[in-house]
Amino acid sequence: MSKDIKDIDLIIIGAGPAGITASIYASRAKLNSLLLEEAIIGGQVRNSYSIENYPGFKKTSGIELSDLMYEQALSLGANIDEFDMIEKVQLTDNEKIIETNSYIYKTKAVIIATGAEPKKLPIPNEQKYSGKGVHYCAVCDGAMYEGKIVGVVGGGNSALEEAVFLSRFAKKVLIIRRHDYFNGEKKLLDEVEANPKIEIMYNWDLVDVNGDNFMTSAKIKNTKTEEEKEIELDAVFGYIGTEPKTSLFKDYIELSKSGYIITDEDMRTNVKGVYAAGDVRNKKYRQITTAVSDGTIAALDAEKYIVDVVKGE
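With this note's numbering as the guide, the letters of the sequence shown map in order to residues 44 to 356.
Since the hints were derived computationally from the structure, they do not count as laboratory data.
In silico DSS-like links for lysine-lysine, alpha-carbon gap of 30 Å or less: (1) K46 with K73; (2) K131 with K288; (3) K315 with K149; (4) K264 with K214; (5) K288 with K163; (6) K264 with K215; (7) K214 with K175; (8) K171 with K262; (9) K288 with K102; (10) K46 with K131; (11) K315 with K347; (12) K293 with K315; (13) K46 with K293; (14) K215 with K101; (15) K264 with K229.
Just so you know, these numbers come straight off a predicted model, no measurement behind them.
Construct all of the structure, not just a fragment, from the sequences and the given hints.
The following block contains the structure:
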């Protein structure tokens, strides 16, 4: 059965803060645009329990912020299609085609805002206990461990934030930190250190996890003395960084060694009319505010490209 072919001005791929922002600007510019999202609106931000560094909000949650962005985009006439999986793309200077399960889109410009996903913990039994003690989203799975002992692996803001969140459910939270310092904000670290249910294990690294059907313990190693020991642990939540979701585009778009999309300051990639915004882009800082900024710039430049270059021909 052949798919319908649709011509469109702009396709935005990914509905995290960068993608939603781009959609808001595209809608206000009256472009014929479409925002494609394969999963849930909001991206990784939706999993944040508490957000205190987004301007205009003293404190909010990822769910609330994502919903507000979504509602704003819809109120401006944004066209958003959820859960229509992209099967393949063709991105060249002269032709841009996005094929989903349902349609084939021929578009004048593309903004890639697919974001990144958590890196898997580099332990032998990661796959065996995935979802059975090994997790990457405390908001999604933390409530499963009411009254249990859980671990958090990582050294940035995410690890600190999620440790605080998990302390609402768990009897005890162990932060397994391979160094003797954190890369997160001092305010967050102060909050963690003041929480009586959280213990920081400096200079320890997670080696593996064990159990029967579900995880029941973890093997850890001291990074200074090389001492190894087994500790009781019902679950471990990994926050050791992210990996960009760029596999669909690697044949067309220039990527960094780590797989992130390389752009200039206007979010332009090596292909004319193709932009990247948010966590999928190669950059130093990945915050909600920087993603929103990327989405704004990408949409404004894409509009100029469509009007001046494509429609002007």
